[in-house]
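Using the hints, put the two standalone chains together into the complex.
Residues per chain are reported as follows:
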Amino acid sequence: MSSVNESAAASGAARESVLDLHEIQATVLRPRPAPYFGTHVLLRINDAQSGRELFRRLTPHVDSAAGWWSAKTPWLSVGISYTGLKALGLPENSLQSFPEAFREGMAARARQLGDTGLNDPKNWDAAYGKGEVHIGVQAFSDSEEDRRRILGIAREQLDGLSVSILAMQDFGAQPGDLNPLGYKDGIDQPPIEGSGFDPLPGQGRPIKAGEFILGYPGEAGVPVPMPQPDILGRNGTYVGFRKYQSRVGAFNRFLRAHGNTEAERELLAAKLVGRWRSGAPLVLAPEVDNPALGADLQRNNDFNYANDSRGRQAPFGCHIRRMNPRDSKLTRLTDVNLHRLIRRGTTYGPPYDPNALSEADDEVPRGAIFLFISAKAMATIEFLQQEWINDGNFIGIGDERDPIIGLQQEEASFTIPNEPVRRRVHGIETFNVLRGGEYFFMPSLSALKWLADLNS
Amino acid sequence: MSSQTQTASDKRKTGEEKIRELRELFADANEIGKQALENVIAELTSQVSEPPPAIESAGRVGARLGKRSELTIIVPLVPGGAKRLKTFLRSLGGNLSPGASKVGTLHDMRFVFFDNDTRLLFATSFDGDWDTYIDDFIALIPDYLDLMDSAWEGWPGIRSPEAKDYLIKHQITADGWFVAEPDLSLAEIQRQNRVSKAVDEFLDKIQ
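Protein chains in written order, with my numbering: chain B, 2 to 457; chain R, -16 to 190.
Be aware that a few hints might be false.
What the hints assert, rightly or not - Pairs of lysine-lysine residues, derived as PhoX-like cross-links and limited to a Cα-Cα distance of at most 25 Å, are as follows:
1) R:LYS147 with R:LYS85
2) R:LYS1 with R:LYS17
3) B:LYS450 with B:LYS87
4) B:LYS330 with R:LYS85
5) R:LYS180 with B:LYS330
6) R:LYS(-4) with R:LYS17
7) B:LYS209 with B:LYS330
8) B:LYS209 with R:LYS147
9) B:LYS123 with B:LYS87
For the record, the hints were derived by calculation from the structure and aren't laboratory data.
The shape of chain R in the complex, shown without the other chains (with noise of 0.2 Å):
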């Protein structure tokens, strides 16, 4: 299910030939897309030339940027799994902190029930790659995993050797993020926030 975030050729193309082929593609959109593209063309001309450092492959599956990597899973349901998984969030009052935070390198993660309650998209962002600290995950948080994953469809258990396979069959690979601080992580946002208010703590003193 995954895609290649970006193809060798579409690193070759020039500036000219990606706006030729949105034109090329656009023509086919409605008036409304038509005259968008039209209204944002030079600008937009000038952002694909000298595009930004392109998405990049986060391990097998998976895009990163920079300190960050994303995770989008699309998975269906037990019967009843929806159900038990709401109820566990609703708990939380939907918010899985401080357990969450436990884990040290998740920035966020959402719970989607779609399609009457049968399938869910679980999106999340994080640093590093995702199964660096699997291990960790499967010696101390694997209640908590197999809590949330048993209401997915054929998931073998944390503990299974099959469970990074799964992950990967049912994780699809983002073609577009945005991350406006990629290279902070989280333990580097925290000790920002730190210093920020140790300074502020220190001119207070010596006003």
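Bound conformation, chain B alone (with noise of 0.2 Å):
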């Protein structure tokens, strides 16, 4: 059963959805189960009546978010970058309709994005970056022997068809559903008016749903502007992909040069996220783990940081004050809630080891895919790379970076509050590199349809 489920037996918070969850596909509002096994799979498509016949076949295989809170597993999604739209022969004011940013496509935006050294678009994996990648098929189920079988249904969709397969990856099957870097991840998700789920206890208030899906009003009261005609765009939203290799080797050495004991590398990782491995928050948890609490959904969110104005429980430059800083004072006039997005996180690769301290470590192939859903995906990415994670200026800690997922310059530091003094922990690395990544729009049930009748 999943966590889901049980988070909704245990406060009986389903209510009706005024959202049309039958149009909206599930990996929008529906998390990775647990466990989780899944596949990511990039199509180019090589003309565009297979893209079309392609979208055809597809179509009856995606799963709506109809009862998304239910997790039944395995599910399909899928999603088209503006160059795969193209190959399907949308017309060209429709194309016109689509963002600049997404017109462009992820690689083309590193400025923005400050995708620069490490993470520059030239160091991606060769399927990335170059306009090939036209459809992101993800596979989601919570049994390996599912992902296999929903796989080899998507795969079966493909032939005879002139579409190829630029590259498969699998995920998840990680002991504990840990991440890379061996953190309990994906707690605190943005709570979603309407999608007919009641928050969980710390989540906030319920967001606009326009904020995340298109057509519904957002924050601003009136829904972002939507790809043309309304067929193609209403119920649809974007997907920011996103591959980081993860650095085990670098992030275990700067445990170790900083922690003599176990206990202080692990509170030193603790303050790294904000939250303890297991999920536990340092607000509720400051001084030593307490697992039951990062297991427990009703209580592992439920805090702010009201009492913690001086981050010497979470720093302020921990990774989860940077991507929700709740109420934390901030030095520019900011709205919290227009800045979040829907994280699907995805690890591939071997389990984190917290002996794995070489070089050689640092390039086997492990990290995470992340999928950031919303309605204006790529602003949004652009301003959290720009604003929280890539610099510290507006949490007040001037040049420093997000320690999880930034991009640090040469002799980076890591500032933890602490009394009398702070403690500054030099020679922070980046431990997550970019190696990949595209925008896609993620078509409504009835835009898939729509896609794969074009021209008939």
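Structure (structure tokens):
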């Protein structure tokens, strides 16, 4: 049984949705199962007719978000890039109705995203950033057997079509569903108004659905501009797909260089994220880990920073305080609800090994592919990369960057507020290196059919 | 209305070529200008040969130096707009603090009325790109923006998707600009002020 089921049963919070759940793809609202097993498939359409035929065949197997909280598995979802829409033969006026950053693609937006140096698109895996990735298919399931079965169904749909598989990446199957650096992740998701589910304790007030799904009012009271025609845009959303390689050796070396005992290292690891590896937040468990708290969906996100205004529990620069500052005092006029993303983190490669210390360990294929989902995903990812990940100004810590997903500069540091004086840890490196990225449009089920019927 | 901050051909010119070009142009200047150029020509020659980092573009329009961006807007005003805006500004003694301080990125702002109050020059400098936080402004201070900008002819309202384009259309990029500390953001300046005060208190205590 999935964690979502458990929480629904515990809170009795499922209620009628005002969203067209039968139209919205499941992956938008449905969290990954626990445990989770899945595969990302990246495809290139070689001729428009094959592309449209693929959509015709695939659509009946794509799950909607109806009853998303019941987490039935396995399921498939599908996204299409701008070059993919072109390859399908979408008319020019429709193509032009997509946002500029989407049309340009993630690699072309490297400057705005701060994807430079180690993260520069020229260092990406071969499949990415060249406009060749047209379609991204995601298979999610709660068992290896079901993963194979659903992937088999997806692959059968390619038979006889002029569509090439550019990359396939299995993910999940991690003991305890830990991420590549050994943490429980994916805990804090934005609550979506009208999605049929009350927020979990600590999730905050529900955010207007239009921030995450096209065609509904956003926080500003109106829907964000939608691709045209309406049938194509409505109930769709955008996905920022980012593939990270985790430099586990560098991460472990950093912990050992700055912690003499296991306890010191684990505290430092918790300070970097703002949670212990178990998921227990530092604000609620400041001194020692509390695995029972970490595992409890009703409690592991139920906090704010009102009693930690000086960052002595969760440092200002820690990962979760950056990604959702909640009620932290920010230096800039900011509405934190405008900069949230639905995250589907999918870990690949061997599980975290605390004894991996070599530079060779940094290159073992292991990391996470993230799907960042929002009706304005491109603008939000650019905002986060510029302001909350690769800068510290917004929260008053100068040039420091996110210790987990930031691109670190030479001689970077991480400040841990403490009594009587703060500790500044030097020599923090880039622990997660970007190895690929694409923007996808994740259409509604009706839009998938509409795309299949283009020109017919 | 915007102009390029620096063209590629400007960058390629040698110091000697730049000085020659200046001499040619100042040949048509009056005696005051000609004499002034001759008086500084030696110093200028070394300056243009090794200029400081050029000002960069701040997104679609505007110039940027380090962390700081500049924005200059010249707009026609609607009838009665100047009077309303001036009265609003005077009601605050012409000083927009503390309201403007809340934004957290604004270093300065000025409102200059001219052409018999039919036009306005609005100039400001701030940290980062101006549109990064535009959605936050729309969410948190839309009425203050509309209160001021409703005096501007054709202002579509801050909530309109056309608002960004309106601002860009009326913005003119500076060709020259000076920032004493381009790498100090407002938050950093404020932090340094606090640190400096704390250090003084600490030193007082241990004496």
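Q) Under the criterion that the straight-line Cα-Cα distance not exceed 25 Å, is the pair LYS209 of chain B, LYS330 of chain B satisfied? A) Roughly 23 Å between the alpha carbons, so the hint for LYS209 of chain B and LYS330 of chain B holds.
(Q) For a C-alpha distance cap of 25 Å, please report whether LYS147 of chain R and LYS85 of chain R respect it. (A) Judged against 25 Å, a Cα distance of about 21 Å means the pair holds.
Q) Holds or violated: are the alpha carbons of LYS1 of chain R and LYS17 of chain R at most 25 Å from each other? A) 16 Å, holds
Q) Going straight from one Cα to the other, do LYS330 of chain B and LYS85 of chain R come out at no more than 25 Å? A) The hint holds at about 12 Å.
Q: Would you check the hint for LYS123 of chain B and LYS87 of chain B, treating anything up to 25 Å between C-alpha atoms as holding?
A: OK: LYS123 of chain B and LYS87 of chain B at ~24 Å, within 25 Å.
Q: Measure nothing beyond the straight line between the CA atoms of LYS209 of chain B and LYS147 of chain R; if it is 25 Å or shorter, mark the hint as holding.
A: Roughly 23 Å between the alpha carbons, so the hint for LYS209 of chain B and LYS147 of chain R holds.
Q | Restraint status (C-alpha distance of LYS180 of chain R to LYS330 of chain B at most 25 Å) | A | This hinted pair holds, its Cα atoms lying about 21 Å apart.
(Q) Checking one constraint from the list: CA of LYS(-4) of chain R to CA of LYS17 of chain R, max 25 Å. Satisfied? (A) 22 Å, holds
Q: Assess, step by step, whether the Cα of LYS450 of chain B is no farther than 25 Å from the Cα of LYS87 of chain B, and give holds or violated.
A: Measuring from Cα to Cα gives roughly 16 Å; hence the hint holds.
Every hint, counting from the list given before, is met by this structure.
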